[in-house]
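K.L.:
Quick mapping for you: the protein sequence lines, in order, are chains A and B. The numbering used here numbers the first residue of the first sequence as 1 and each following residue consecutively. The numbering used here numbers the first residue of the second sequence as 1 and each following residue consecutively.
Honestly, I wouldn't trust all of these hints.
Claimed, not checked - In silico DSS-like pairs for lysine-lysine, Cα to Cα no more than 27 Å straight-line:
| # | chain 1 | residue 1 | chain 2 | residue 2 |
| --- | --- | --- | --- | --- |
| 1 | B | Lys169 | A | Lys8 |
| 2 | B | Lys205 | A | Lys8 |
| 3 | B | Lys212 | B | Lys169 |
| 4 | A | Lys78 | B | Lys207 |
| 5 | B | Lys134 | B | Lys212 |
| 6 | B | Lys37 | B | Lys212 |
| 7 | B | Lys205 | A | Lys78 |
| 8 | A | Lys78 | B | Lys88 |
| 9 | A | Lys8 | B | Lys134 |
| 10 | A | Lys8 | B | Lys207 |
| 11 | B | Lys132 | B | Lys48 |
| 12 | A | Lys85 | B | Lys212 |
| 13 | B | Lys132 | B | Lys235 |
| 14 | B | Lys37 | B | Lys134 |
| 15 | A | Lys8 | B | Lys212 |
| 16 | B | Lys48 | B | Lys37 |
Please keep in mind that the hints were generated in silico from the structure rather than gathered at the bench. Because the structure is a prediction, the values reported are computed rather than measured.
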Amino acid sequence: MRESIIMKIHYGTALAAIALVAVHILMRLTQGFAESLEYDSVIANYKFLPYAGMLEIILILLSIHGFNGLRVILLELKQGQRYEKAVSYGCVAAMITLIAYGSRTIIMVNTGMT
Amino acid sequence: MAQTPTLAEESGSTPFSSSQSITLRIARYNPQHDSVKSFMEFQIPYEKWTTVLEAILEVKKHFDHSVAVRYSCRQATCGSCGMIINGKPRLACFTKISELNSNVITVEPMNNFPIIRDLAVKFDRLFDTHHKIKPYLIRNDTEITTNTKEFLQSPEELEQYIQFSNCIKCGLCNSACPTMATDSSFVGPQALAQAYRYVADSRDKGKDNRLKIIDDSHGIWRCHFAGSCSQVCPKGVDPAMGIQLLRGYMLGFRS
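Extracted from the complex, chain B is given alone in its bound form (with noise of 0.2 Å):
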């Protein structure tokens, strides 16, 4: 199923007007009538800022606009159009076609998420298991019953989990999870890192609860610390080292 369109068999305009160009290679892919994945593939101009999200959305107005793929803040705050990009999990607006050093780029649904059409995946295992370590503060006194209207932190209690509480749910750690690849049960990264954001949190009182929830066959001991979490969040989370601190309460290291 390769194509090569080029622009210049396209009679609509472009915003783009480089004269550098790549090949862009997506994957087609429709689980309700095709067997395997296919790719096409688009020369595509660009200028040193263009992003691969830009790049695709340029092939949906020019070339191919049943070509799947789901974005909305294109600044790297909403946490949708993730896909690996040369082999690697990112996120397509925030990463940029002059940095990847290539001629050719590849872009392919995530790993370990059910694929919804082309490069959407379903997100559906992932919120699942984002909500089930109860990803809020917990507490009894609430200011709801009492006249309580802020719980004060010291700058060094909220250095404890700030980096975590930075996650944007993309997937990326999911996606590069070897244990997520095997185990189908297993919690993953991103929850694990959250799980540890709100156990760290001064102002929780659910750590006991959350520590059950995790402390399963498929929880938190499943981690091999691999640590390809922490290398694609494009947040600068580390989500290995959040599970290694968890493990620590766990081990009795931590309370």
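Just chain A, same shape as in the assembly (with noise of 0.2 Å):
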């Protein structure tokens, strides 16, 4: 992919992120941070599918913006072909898993695992 491309769709999920995080801040704010956080409260959230939606398309945004933010900085670190080409995978590689493994609590709680 070109690296046109690629910051393109870095600046594009900054902006995407700033926009759901802040709703995200906004609907905690509709309770005490302490309720907030109780079981119950954090199971209904995730049951609420337009929110855990919201919560999974932040999680994704900001692991695709992480990641190649980390990519960038370990380039920049060091050069070399096969460094290079590992550092790109291996980034590409963390973000899946963190993706995966974000979204595993969403299914679970929706599949009645909890």
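Two chains, each in its own frame: build the complex with the hints.
P.N.:
Laid out in structure tokens, this is it:
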């Protein structure tokens, strides 16, 4: 993939994440902080699919943005064909792993595994 | 290796007859047999108009002819005498001692360039990246195939790129760039500014070709807009602005 496309995705995910994280924070402000972290409250959030979907999108946006940022830092730190390939594929793998792990929580709640 | 010879110890005459003098610290390093950089100190008299290059040449003439320094035009046109003067990349021929407001002047080779010896550095990477961005007008219709003698341009079209054509390839911008310090494959502000110079030229038809070249994992996107390249340019070129304008083309804000 061309670097300009990657960077457009990088900037796009940042802007989208700002908007969605703002919505997420506003939703949290509707109840007390301690109350929002109670077990039943967290489970209820995950079971409410529109909100769970938004959390999933935030997870994807931040994973893409964060791991691409890490890739850029690592590419500037050291150079070399093998190293750069390892960094790029490593970051994609880590991104997929993190998204899968985060999604697992929502899937578990909604399939009654809790 | 610090030495402090004075002019009084020398039998030769000097063109400077001022009562003012400074301590000139010159970095000495030969990669073939030195492991670390050392400094030699010289007391040099100066006049209001004396440049750092003239002071270095004074050292070469009267104290130590082995000091390696590259220079040519002495009028900020050839871009040969770039070096770090009191911590900042500058042209030695364009920097007056009197304007530095310091009794001690330290000269070192430019950062981000391999050192040949003392103050002389290798320009291979700068010229390679400059060449890579195709620094010439790309057109299919040249005067060889048609009867065209000139490509007309309006003053407004000229204004788009004219400051970038003042680049003398001295390498000060690359020396000041923080990304160049860690990323050995980075194209650098000099080449990117020149890429903009040709992309913004209304006579040029090689925009897509050039944008493809700099759209690389070590290309234009690695600039963090520190802006130090623009601060040190002795010719008033603003590479940081050129890079941002070039990004505008890549993001679709400009065409």
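K.L.:
Given the hint that B/Lys37 pairs with B/Lys212, test it: the Cα-Cα distance must not exceed 27 Å.
P.N.:
violated (40 Å)
K.L.:
For B/Lys134 and B/Lys212, compute the direct alpha-carbon distance and say whether it is at most 27 Å.
P.N.:
holds (12 Å)
K.L.:
Can the restraint linking A/Lys85 and B/Lys212 be considered satisfied, given a maximum Cα separation of 27 Å?
P.N.:
holds (20 Å)
K.L.:
Are the Cα positions of B/Lys205 and A/Lys8 separated by 27 Å at most?
P.N.:
Distance ~25 Å between B/Lys205 and A/Lys8 Cα, so the pair holds.
K.L.:
Is B/Lys48 close enough to B/Lys37, meaning Cα to Cα at most 27 Å?
P.N.:
violated (30 Å)
K.L.:
Are B/Lys169 and A/Lys8 close enough, with their CA atoms no more than 27 Å apart?
P.N.:
Distance ~31 Å between B/Lys169 and A/Lys8 Cα, so the pair is violated.
K.L.:
For the pair supplied as a hint, B/Lys37 and B/Lys134, confirm whether the alpha-carbon distance does not exceed 27 Å.
P.N.:
Violated: B/Lys37 and B/Lys134 sit about 36 Å apart, past 27 Å.
K.L.:
For a C-alpha distance cap of 27 Å, please report whether A/Lys8 and B/Lys212 respect it.
P.N.:
holds (15 Å)
K.L.:
Decide if the proposed pair is consistent with the structure: A/Lys78 and B/Lys88, CA atoms, cutoff 27 Å inclusive.
P.N.:
holds (26 Å)
K.L.:
Within 27 Å, alpha carbon to alpha carbon, are B/Lys212 and B/Lys169?
P.N.:
Holds - the C-alpha atoms of B/Lys169 and B/Lys212 are around 23 Å apart, at most 27 Å.
K.L.:
Next pair to validate is A/Lys8 with B/Lys207; report whether the Cα-Cα distance is within 27 Å.
P.N.:
holds (19 Å)
K.L.:
Hinted pair, alpha-carbon criterion (27 Å max): B/Lys132, B/Lys48. Please report holds or violated.
P.N.:
Given pair B/Lys132, B/Lys48 is violated - Cα atoms ~42 Å apart, limit 27 Å.
Against the hints set out earlier in the document, violations occur for numbers 1, 4, 6, 7, 11, 14, 16.
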